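Work out the full structure: start from the sequences and follow the hints.
Protein chains in written order, with the working numbering: chain A, 985 to 1349; chain B, 985 to 1349; chain C, 63 to 155; chain D, 63 to 155.
No lab work stands behind these hints: they were computed from the structure.
Please read these numbers as outputs of a predicted model, since none were measured by experiment.
Note that beta-carbon positions come from the ideal geometry of N, C-alpha and C, so glycine has one too.
It cannot be assumed that every hint is accurate.
Stated by the list, open to error - A few chain B residues that don't get close to chain D, going by computed Cβ distances all over 12 Å: (1) Ser1041; (2) Ala1119; (3) Ala1156.
Said to hold, decoys possible - Pair by pair, the computed Cβ-Cβ distance ranges are: (4) Arg1056(A) x Arg1141(B): 58 to 64 Å; (5) Ala92(D) x Asp1136(B): 49 to 55 Å; (6) Ser1196(B) x Pro142(C): 52 to 58 Å.
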Amino acid sequence: MAKRVLVLLGTKKGVFILDSDESRHAWSLAGPFCETWPIQHAIGEPVTGAIYAGGGSEWFGPAVWKSNDLGRTWTHSRAGLAYEAGEVPVKTVWSLAARGDALYVGVEPAGLFRSDDAGETFTHLDGLQKHPTRAEWNPGGAGLILHSLVIDRADTRKIWVGISAAGVFHSADGGATWEPRNRGTRSDFMPEGQRYPEFGQCVHCVVQAANSERLYQQNHCGMYSSDDGGRSWNSIEAGLPSSFGFPAAIHPRDPDTLYLLPLNGDIKGRYMPDAKAAVWRTRDGGASWQALRNGLPQESAFFGVLRQALATDTLDQAGVYFGTSSGSVYASRDEGETWGCIAQHLPMISSVETLVLDEAARGGA
Amino acid sequence: MAKRVLVLLGTKKGVFILDSDESRHAWSLAGPFCETWPIQHAIGEPVTGAIYAGGGSEWFGPAVWKSNDLGRTWTHSRAGLAYEAGEVPVKTVWSLAARGDALYVGVEPAGLFRSDDAGETFTHLDGLQKHPTRAEWNPGGAGLILHSLVIDRADTRKIWVGISAAGVFHSADGGATWEPRNRGTRSDFMPEGQRYPEFGQCVHCVVQAANSERLYQQNHCGMYSSDDGGRSWNSIEAGLPSSFGFPAAIHPRDPDTLYLLPLNGDIKGRYMPDAKAAVWRTRDGGASWQALRNGLPQESAFFGVLRQALATDTLDQAGVYFGTSSGSVYASRDEGETWGCIAQHLPMISSVETLVLDEAARGGA
Amino acid sequence: MTGAAGNIDVRLSPLLLRLFPDAEPRLDIAADNVCALIDALDARWPGMGDCIRDSSPAVRRHVSIFVDGRRATLDTKLPPGTDVFILTAISGG
Amino acid sequence: MTGAAGNIDVRLSPLLLRLFPDAEPRLDIAADNVCALIDALDARWPGMGDCIRDSSPAVRRHVSIFVDGRRATLDTKLPPGTDVFILTAISGG
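Laid out in structure tokens, this is it:
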């Protein structure tokens, strides 16, 4: 059956949706949705076709928005999406992951919630709050944020989260108990002799490889992979122009293929290296890297790309998409070989995700 | 003598400078300067040729940067740019105004400093801190910010400041004493019956007309002019697509000509009305308005323009320039009739100012 | 428009109305204090309570509740006939 | 490299060095506590003090001073031979 591709954009001012047929040549733009709230993450659930968006209003606090008709109409809920009275209140939703009607929600200050009714009501999985190291977690410059959420494909009790700046934590029991999984990742911002702590790393993005249990991690200080569920991490940054970047996106079928967007460095402005835009790809699990620049701006590219703003689709050949801090979206329909700008003049883009549907589903957005 | 035009951009990641001859057809871009600090305002002083930039590092606090060679080299100073011990510290510099070697600096939390040695050292003009209403000033959502700074052309002891959200204040004695100047401006965000207070208005931008003592004010709630130094304000918003916007820029010679960039409204996303970009111009002091769209994006323009990001130059015909929240700069060399994009892919633009020099000054940036 | 005996007269911010399109911009409601008022609003329009009040618990930082023209907290008493405005703060950018 | 008798061993953040290109990344300096250390740095490189310390007075929120591996405040004592790192916090966006 013919496919339809939606690119879901979480932005500083609501959700936007780009929509194309499977040729991915022409895109229509709809939005802004979600009352122009700052949206950190918008995702699509491929089985139910639901679209979820999480963020936080500066007036009204956090909520999860939902559309069952591909963006045409939206509802919002915050039922149960709160800590106990007296705790620092939940400020905003940062990350979402869905499996059918189960929805996982990562928030700031760092915590994890779960919905079993497709985002109507939420339950706090309080294991992270009860972790013995919790009091020592460092909020870093941007706050204590649970921004990366990996639910194992085979066993949804197995969860990895990335928290800035506490590091990677793993639960084998659906969020009840957690352990730090940071061995081998650096903390260059600590004094010498304290740069490989048990926790406190500034993780930027964690993803799980396709058809595999392998994890990849873009960190504030380096790029890593792990073949043992995060118990140990190996540096795969050799060959990259910078060890600093935010997002990482996996190929939909090949566990050895990964896309990154390195920036020029932590303290040098955090834009494209040499102000020339490139996506970097490995085909061999990080042993070697190629710059993909064909069609991307090669001068004065002073934008950044945030941690959730790089994605692939599931077509063959895979599409690759990223959204910039300056509100442009670039897309490749050939696994990164060639690129084009498919939207511009948008608000700052926080997240990019794709939803591939059977053409019969056409009618929304 | 032939002229050279610099467009000074304050951005979230440093200062950038666009440079052209007087034809204003081709622009070269230099930057980022100022160690990619968040810069709220960058200005040029036309007599000395000095460029000043004010901002605040998230690590190191506020400073004023200065270049005496048109951007090639920079120094920074914060000597004296602090409140008394125990006060809430100065967070960032927001606005600058220069007259020869005198430099006025508006900061957050709202206060005013003055340098008499071209930005080497600063003295706090503490009249605003001592104002009897100070304790009641409302910081609003973005903080208590002195963002608008008008120094009278003829008499530098006469100063008007705009503070969010305390309103407009005037000093006739160089900053020693102040009085509120808000009569006639609305506060729609207050309960009915309290919408014309003595102070507490959410002023967005104050400018002084050319060759005149007239003031113009873009407010959160309306657009106003005053012919009595701000003692009373008259609404001039009829004919505009929205009463909400941030910047205002005067024509260099005609006191009746003013440029604005209205947004679609306070609670609707704060982007271009109908997502079509337009600068609005009056030629009759606000009695009527025309939309100037020729060459500006007319679809999906979901960007905003911040309060200091619209400027004119002093050539004949006057140039008009604005920078967007999505990092693009648009310019007109015919007083707004036609427009072109002269830079893109930049960080979020906070301020746009111009510096017109005699061609002999060429050599910097 | 003054309320029924014992009731208070509540007006809601346009931003809240955008979020809860079924809500009324102005309503009569019975509540002894601000906290009880928020509970009553939440009972009518589920979720509205958490939009106005956070789990501190406190009125959210950028929401203002004016009771007879003065800024109120959760404990502020609401005698019959009181005027209440629930407004959103101005905000930059 | 341990300092001269009575001195402490101070290392400065790369970000501070970018702002003060004449400063040395590592130096021996005499100071009884963190506040005196900052005064001494400011005397050598005018303006550096206000970059590290705000007018609260306190170490700036996103600057960390580690004294023998532990996070310090302005009052923290600096016995001779102490290792001091002046570092900048990680930060988003």
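Please write out, lowest number first, the hints stated earlier that are contradicted by the structure. 1
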